[in-house]
Amino acid sequence: MKIMICQPLYCGLNDILCQIGKCIKYCLEHNRKLIIDTKRFSGMKRDFSDYFIIKDPINESFIQLSLSDDELLSLSTQSKLKKQVDFSKSYEEEVIIHREWGGGTMSRYALSFLKFQPNLAKSIQHKLNLMPDDYCSVYVRNTDLKTNYEELFERIKSEIDDKYLLICTDDYRVIEYAKGIFSKLLFDEDIVKNEIPSEPLMSMLPNNFDNTKVNIDAITDLILGASAIQVFPTFVSAFSNNKPVPKNFQSGYMLLGIYLNQNKHVIRELLST
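Using the working numbering, read the sequence shown as starting at 1 and increasing by one per residue.
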């Protein structure tokens, strides 16, 4: 069987899943085996198989979640195509490599083939069991994507009233500000006790963070937020590179959380052991 290697570039969790979802769909349509490599170029910097397994054993014959360095080097030398794949084309090459970044909604498709590694699933389920029965949540990105969280909290505080609010964020300052507004504030101590980041945590830039912890935190926050009774939508107010922000622009990570919130059976499948 011909092979496609998916190597998402420089991106966070949702974008990684989007590139994988696109490649899964392509391989199914073109009878190729997909090998996923998130260790070398993506912000994950670890094997995808450290966090995910294939949900249906039948699909293990055409989706492989990691590959050894030597095996990957051998396959890479066989490939003459190492770029963004044109998903409308069929290629004759035995091995093609898709290296690209970008988000969207194909992360949802990718998750339909996956579930969490058992230890990760148990860790997330344990934290879910500690949550109150009914709580609301909000995703606040404030590193590479900036959020006007002061305005956001003022806008939603009347709707929150005396409900519990879980804040899923990559910036500890957001939690500190929220403490003065919401009486029943929830946040994951393990995640927000990090030093204040100036760049996205899941990034290819050099940093002092433990990437295994960063990856687990991103996945855990996604699921805890999505398991709420209601997710309040947020909008990006600025990019760190000062480029203009499209009107009503929302992060792919947050949109994935809202999708999971509206399709909680997907969460249950991801957590199944």
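Check the hints yourself; a few may be wrong.
No more than 20 angstroms apart at the CA atoms, straight line, and that leaves these computed lysine to any residue pairs for SDA-like [said to hold, decoys possible]:
id, residue 1, residue 2
1, Lys163, Lys184
2, Lys2, Arg46
3, Lys55, Gln117
4, Lys33, Lys146
5, Lys55, Arg268
6, Lys83, Cys27
7, Lys184, Glu150
8, Lys39, Thr212
9, Lys55, Ile267
10, Lys247, Glu150
11, Lys157, Gln230
12, Lys127, Gln117
13, Lys33, Gly104
14, Lys115, Leu28
15, Lys264, Thr77
16, Lys33, Glu92
17, Lys146, Phe235
Hints in this document: simulated from the structure, not taken from any laboratory.
Quick rundown of the hints versus the structure:
1. Lys163 to Lys184: Roughly 7 angstroms separates the two Cα atoms, so the pair holds.
2. Lys2 to Arg46: violated (25 angstroms)
3. Lys55 to Gln117: holds (10 angstroms)
4. Lys33 to Lys146: violated (38 angstroms)
5. Lys55 to Arg268: Between lysine 55 and arginine 268 the Cα gap is close to 12 angstroms, so the pair holds against 20 angstroms.
6. Lys83 to Cys27: holds (16 angstroms)
7. Lys184 to Glu150: Holds, at about 17 angstroms.
8. Lys39 to Thr212: Roughly 11 angstroms between the alpha carbons, so the hint for lysine 39 and threonine 212 holds.
9. Lys55 to Ile267: With Cα atoms ~12 angstroms apart, lysine 55 and isoleucine 267 stay inside 20 angstroms; holds.
10. Lys247 to Glu150: holds (19 angstroms)
11. Lys157 to Gln230: holds (14 angstroms)
12. Lys127 to Gln117: holds (16 angstroms)
13. Lys33 to Gly104: violated (23 angstroms)
14. Lys115 to Leu28: holds (19 angstroms)
15. Lys264 to Thr77: Violated. Lysine 264 to threonine 77 sits at ~42 angstroms, over the 20 angstroms cutoff.
16. Lys33 to Glu92: holds (14 angstroms)
17. Lys146 to Phe235: holds (9 angstroms)
Checked against the numbered hints above, the structure violates hints 2, 4, 13, 15; every other hint is satisfied.
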